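Peer 1: Sequence:
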Amino acid sequence: MRKQNMNRYRIWTMVALLLLTGGCSLGKPTRPSEFYVLSAEAGTPVAGRAHAAKPLALGLGPIELPDILDRPQIVTRPQPNRITLAEYDRWGGDLRRDLARVLSQNLMSRLDTDSVVLYPWSVSDQPELQVSIRFFRFDGELGKAARLEGVWRLLDGRDGCELAARRFRIEERPAGGSYEDFVAAMSHGVARLSQEIAERVAAVEPGCAAQP
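Numbering of the sequence shown is given in numbering that gives the first Met the number 0, commencing with residue 0 and proceeding in unit increments.
What the hints contain is simulated information worked out from the structure, not anything from laboratory work.
Predicted, not measured: the structure shown is a model, and the values here were computed from it.
We put the CB at the ideal spot given by N, CA and C, even for glycine.
Any given hint could turn out to be false.
To be verified - Computed spacing ranges between beta-carbons, pair by pair:
1. 67 x 170: 18 to 26 Å
2. 142 x 80: 34 to 42 Å
3. 84 x 206: 32 to 40 Å
4. 34 x 175: 15 to 23 Å
5. 77 x 47: 40 to 48 Å
6. 117 x 203: 36 to 44 Å
7. 179 x 54: 18 to 26 Å
8. 83 x 159: 19 to 27 Å
9. 206 x 43: 39 to 47 Å
10. 80 x 117: 15 to 23 Å
11. 46 x 124: 40 to 48 Å
12. 180 x 79: 37 to 45 Å
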């Protein structure tokens, strides 16, 4: 009988602890997640394409991101060897696809063309020129800097020869210390990268024969 009472006491003690723990959890509501997307920025058509005889057919991709950046959480880097994942501040979709969307919109406005196809494309959509981008960094510090680093390559769309390549380092200062300000600064950085690529695209002609 005594053993039975002890078992009941233990059971009720466990139930009381569970209720107490649950009550504490209910007393602290979870912060709702915020979701962010990059935004395109209109630009002036670059010299050399504004009055071209026909619109350029440009292929964009592949776009590569390091594994540490290819995730739902927004990544910041407060120290060179330390990153922070924002559990409640996330990208609204796949970051790689969002970058492709914004870069294509930016390039369309700067190159005065509606013909920008995303990698991979079909044989019937084979572009004249192809831009591939590999990001090394797409992070920064809240309230201090948004940083983009990587390399882009410009290829002939049909023969695949390299027409140009350049490593980029872009830094934008956010307007404030929020994640919204940080993402806006990232969008400004993507616009600067788009301008750099567009100017080089406008200066070359497709075809490997003319290249040294």
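Peer 1: Each hint should be assessed against the structure and marked as holding or not.
Peer 2: So, going through the hints one by one against the coordinates:
For residue 67 and residue 170, the hinted distance range of 18 to 26 Å is satisfied, since their beta carbons lie about 19 Å from each other. The given range of 34 to 42 Å is broken by residue 142 and residue 80, whose C-beta atoms sit roughly 20 Å from each other. The beta-carbon spacing between residue 84 and residue 206, approximately 45 Å, falls outside the hinted interval of 32 to 40 Å. Hint check: residue 34 to residue 175, Cβ distance near 19 Å, so the stated range 15 to 23 Å holds.
At about 42 Å, the beta-carbon gap between residue 77 and residue 47 stays in the expected band of 40 to 48 Å. With their beta carbons about 21 Å apart, residue 117 and residue 203 fall outside the hinted range of 36 to 44 Å. Checking the proposed 18 to 26 Å range against residue 179 and residue 54 shows it is violated: the Cβ atoms sit about 35 Å from each other. Residue 83 and residue 159 have their C-beta atoms about 39 Å apart, which leaves the hinted 19 to 27 Å range violated.
Take residue 206 and residue 43: their Cβ atoms lie about 27 Å apart, and the range 39 to 47 Å is violated. Range check, residue 80 to residue 117: about 34 Å between beta-carbon atoms, so the 15 to 23 Å window is missed. As the Cβ distance of residue 46 to residue 124 is approximately 27 Å, the hint placing it in 40 to 48 Å is violated. The hinted window of 37 to 45 Å between residue 180 and residue 79 is violated, with their beta carbons roughly 22 Å apart.
Going down the numbered hints, you'll see the structure goes against 2, 3, 6, 7, 8, 9, 10, 11 and 12, while the others check out.
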